[in-house]
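> Chains as they are written, first to last, in this note's numbering: chain A, 119 to 422; chain B, 24 to 313; chain C, 26 to 406.
Worth flagging that the hints you see were computed from the coordinates, not collected in a lab.
All C-beta atoms, glycine included, are put in the ideal place defined by N, C-alpha and C.
A hint or two may mislead.
Claimed, not checked - Label-pair ranges, simulated between beta-carbon atoms:
#1 A/R329 with B/G97: 49 to 59 Å
#2 B/G216 with A/T179: 49 to 59 Å
#3 A/P212 with B/A57: 22 to 32 Å
#4 A/I168 with C/G65: 48 to 58 Å
#5 B/R274 with A/L208: 31 to 41 Å
#6 C/R138 with B/G175: 49 to 59 Å
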Amino acid sequence: MSVIATKAPRPMRAGRMTLRRRRQFAGFLFALPAIALVIGFIGVPIGQAIYYSFTSWNGLTSQWIGPSTWSQAFHNSNLWTALQNNALLLLSVPFALGLPLLIAVLLHQRVAGWRIFRSIYFMPTAISWVVLGLVAERFFAYQGTLNSIIHAFGFAHTNTNMLGYESTALSALGITFVFTMIGTNTMLFLTGLATLDPTLEEAARIDGAGRWRIFRSITLPHLSRFIQLAFVMTVIALFSALFSLIFVMTGGGPGYATTTMEFLIYQTGFNQGDFGTAALYGIILFVLTGIVGIVQLRLIGSNE
Amino acid sequence: MTTLATPPQETNEPERPALITPRKPKVGRWALFAVMVGVAVVMLYPFWVMIITSLESEQQFLSGGGFSWLSWSGLSSTIPVGQEVLSSTIVCSASIFVILCVGLPAGFAFSKLRFRTSTSVFLVIVSAMMVPLQAILMPEFVNVTKLGLTGGYFGAILVYAALGTPFSTFLFTTYFRGVPDELIEAGIVDGLGYVGVLGRLIIPVAVPAIATVTVLQFIQIWDDLLVGLLFIQNTNERPITVGLAVLAAGRTTSIPELMAGSLVSALPAMIVYLGFQRYLVKGLTMGIDR
Amino acid sequence: MAEITFDGVTKVFGDDIKAVDGLSLNIAEGEFMVFVGPSGCGKTTALRMLAGLEDITSGTLSIGGTVVNNVLPKHRDVAMVFQNYALYPHMSVEKNIGFALKIRGDSKAEIKRKVDEAATILHLNDFLDRRPKALSGGQRQRVAMGRAIVRNPQAFLMDEPLSNLDAKLRVEMRLEIARIQRLLGVATVYVTHDQVEAMTMGDRVAVLRDGKLQQVDTPQHLYDRPANEFVAGFMGSPPMNLLRCHVRAGKDRVQVVFGDQVIELPWDYTSSHDLPPAGLDVVFGVRPEDVLVADAQSTNTLKTRVERREALGSEILVHLSLDSSSDTSQSPRGELARPVALVAKMGPRQKIAVGDVVFVQFAAEHAHFFDVASGETLRSR
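Start from the sequences and build out the full structure, keeping to the hints where you can.
Structure representation (structure tokens):
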């Protein structure tokens with residue numbers, strides 16, 4: 119049958135469907151698995167956590183108690199220590215953002231071999247925080263690398279044991295955390311810099327702006343969306359992924375010096391079997407994360 | 024002799040390295056280079072430590088040095104490395120598979136197949152990205168146990184899939200928004216249903232996005248501790264990350280062996296990363312160019 | 026019978042945006058119908074409703090006698106050529122063209138044969154292995170056409186397929202598309218905003234504006250006998266001259282007053298437009314080629330002055346302002362230009378310069394009058 123042959127009428131199936139209805143139905147169907155998964159494994163547990171926070175729960179049976187669980191919880195000094203630790207660790211966030219920013223700017227200068235440098239800087243991100251934690255533990259240990267470096271500089275009799283003392287353990291943790299975030303955030307900022315229109319910088323230079331001025335008035339505003347994203351990602355990591363580092367480096371200690379909320383939850387639930395309180399702490403953590411999310415929206419300004 | 028006005032002199036300031044021009048004074052460039060090398064050294068330090076330490080025996084380590092393969096050979100008797108790597112691989116692959124199966128249609132739906140309430144639903148799913156695992160850990164654990172999914176990999180796979188779905192859905196949705204509507208309409212007029220459009224037109228065109236999601240999720244799942252620790256009860260089915268963590272918590276651990284194990288864990292992630300670098304960059308920026 | 030019928034078809038977006046308003050027309054089998062109009066006139070929406078890509082809010086649409094309001098695109102047996110071609114990027118040209126056949130379930134041999142045939146008609150035989158991104162704009166356009174041709178559908182639907190091509194290619198492809206359509210004899214609905222394409226390609230042309238059909242007729246009739254002011258001004262380039270004027274009774278003709286000049290023209294219109302005693306304000310229309318130069322001695326002429334002159338090689342376009350009848354002097358150089366009232370087309374050798382005084386007259390049979398309020402053409406008895 120040639121393409122050119124006269125057309126015989128083809129019978130048509132008239133139906134009830136318009137394309138629009140079909141499309142909406144298909145859309146709903148396609149989104150269903152994702153919706154189900156998210157509601158089932160994230161949404162429902164949140165609701166459950168709220169419920170169980172008012173109970174005494176050991177994972178098998180629960181006993182309703184009521185709001186007193188909450189007032190009880192806030193009397194627990196461990197909770198306050200953990201909250202304090204989280205707050206202190208937030209101090210490391212500026213470093214976790216500032217250092218990558220600096221490195222990204224340096225990389226952006228396109229020194230010879232910058233692509234290789236970029237790959238290298240990102241490599242630690244690919245490996246597990248467990249591994250990084252183990253290496254960090256070696257670094258800070260009594261016979262570890264930090265001390266070797268100090269000795270090499272001539273302070274032969276100084277020995278630190280940062281992870282062994284309450285006052286310094288958290289700092290060691292913070293330093294390690296900054297290290298782990300360098301890769302991701304550098305990559306993020308570098309991409310942001312790459313999207314910056316070079317003619318803007320040129321125009322500013324012609325107008326006589328100095329390097330710092332350019333950075334402040336042109337580069338930084340452009341990067342604000344990236345900084346925002348990096349901030350959110352860093353804080354979320356701080357409030358959840360840090361778990362691996364703690365588990366491997368300090369186990370929460372010495373004492374409770376490096377116990378943050380995410381670790382406290384694990385400990386309370388699985389070491390002490392107190393699921394109810396752990397669920398309660400979980401809600402607190404969730405609220406904290408939410409607050410940070412809202413704060414960053416206001417602070418750094420956004421266009422959600 | 025009349026002259027044209029002379030061009031303005033250069034200012035007396037030393038030439039400042041511009042943010043973009045390639046011409047620079049040599050001193051500046053070299054200093055920059057030195058700094059970059061310095062940073063690189065710091066970044067590579069963990070690998071250095073792992074390699075050096077793992078190539079000593081425990082006694083050598085404790086007494087200060089030497090070279091030996093002992094730790095590497097001893098590793099597999101200390102922990103079932105092969106088994107654990109296999110477990111990690113199974114869990115990773117299965118989870119990523121589920122994430123793709125769930126995320127691709129969802130991404131297509133939210134970007135092209137708008138239905139009533141789809142915007143709000145999308146927002147709900149995306150905001151789920153902000154929920155830290157620990158917040159829902161207890162109920163999650165109990166639910167999964169009650170469903171009988173902690174013996175074996177299924178529980179962990181589902182949890183990983185649920186945790187990875189918001190971001191992947193977001194990524195795919197953003198990516199598919201860039202697909203021209205006309206392409207889909209051409210398929211419709213040519214006779215495809217929406218399932219056909221998804222399978223034959225969208226997915227072939229989504230390969231970069233799929234690569235991005237795969238890399239990002241692989242690194243996250245392979246390197247994860249908490250889910251593997253809690254949701255895989257069978258010690259024979261432990262992923263490598265958990266095996267390492269447990270080993271580290273032990274009293275009698277040989278540090279070099281620990282380092283060797285760490286390298287084993289780090290290697291696959293490194294390979295995946297190096298192989299798929301460019302997709303990582305693309306993925307990170309997806310969230311920006313909404 | 027692949028006859029297409031629009032019957033009161035209306036499309037409303039959102040709460041109140043009427044993209045298409047009560048469209049009614051017929052497209053015969055094998056006919057090349059052009060939908061033309063300015064942006065936003067509803068032509069593309071109408072085409073998409075025909076394809077099934079948009080729902081029909083009210084009215085009925087039939088193809089081959091069957092009402093297709095609720096029929097999915099794939100069951101309507103229509104093929105579409107999109108403005109941006111919408112070629113499948115991951116498939117070769119051959120696979121692109123054969124895709125619909127594959128979905129339909131034709132055998133491999135059948136598909137190969139049909140694709141080769143279409144490729145031959147479109148001169149694509151050398152490109153069958155290439156991917157779309159390795160093709161030029163014109164080649165891509167032809168692949169898009171190949172995709173449509175090979176399906177042997179009841180109708181071709183084309184949405185401004187030439188607008189992304191450069192001018193020369195556009196002229197070439199215009200002829201190609203017309204040729205292929207005549208060869209295949211398939212009813213075609215072609216959407217464009219370019220009235221030149223409409224004039225040269227269509228068997229009939231439907232002019233749309235703000236969702237409403239203004240007039241549907243052959244190109245020549247649209248040109249010679251526009252139904253309203255809009256159609257008159259839209260078709261033809263340069264556009265028809267349109268001037269407000271006043272008409273009042275004369276002896277056996279009427280007097281048409283432009284400013285302070287008067288000419289006489291026959292007035293032969295229906296009684297509803299019988300002239301009231303005070304006269305009537307109307308819009309007068311005449312095409313540039315119908316503005317004729319007369320010598321100063323002739324009667325019944327308008328005195329004009331040349332404000333601008335555009336020499337196109339094949340003709341000269343002269344922009345004229347209405348000169349006052351009392352002013353007989355030549356305008357000195359450098360004087361500010363007066364508003365242009367008329368554009369006239371003159372032969373390329375006509376000696377004319379800016380500032381010249383020219384007397385023009387109009388052939389009665391090429392004069393149009395339009396109602397001031399509605400724009401409707403005042404029809405003759």
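> Now look at each hint and say whether the structure bears it out.
Here is what the structure says about each hint:
Hint check: A/R329 to B/G97, Cβ distance near 55 Å, so the stated range 49 to 59 Å holds. A C-beta distance of roughly 50 Å is found between B/G216 and A/T179, which places it inside the suggested range of 49 to 59 Å. Roughly 25 Å separates the CB atoms of A/P212 and B/A57, a value that falls within the hinted 22 to 32 Å. About 52 Å separates the C-beta atoms of A/I168 and C/G65, a value consistent with the hinted range of 48 to 58 Å.
The hinted range of 31 to 41 Å is satisfied by B/R274 and A/L208, whose Cβ atoms lie roughly 34 Å apart. Our hint of 49 to 59 Å for C/R138 and B/G175 holds, since their Cβ atoms are close to 54 Å apart.
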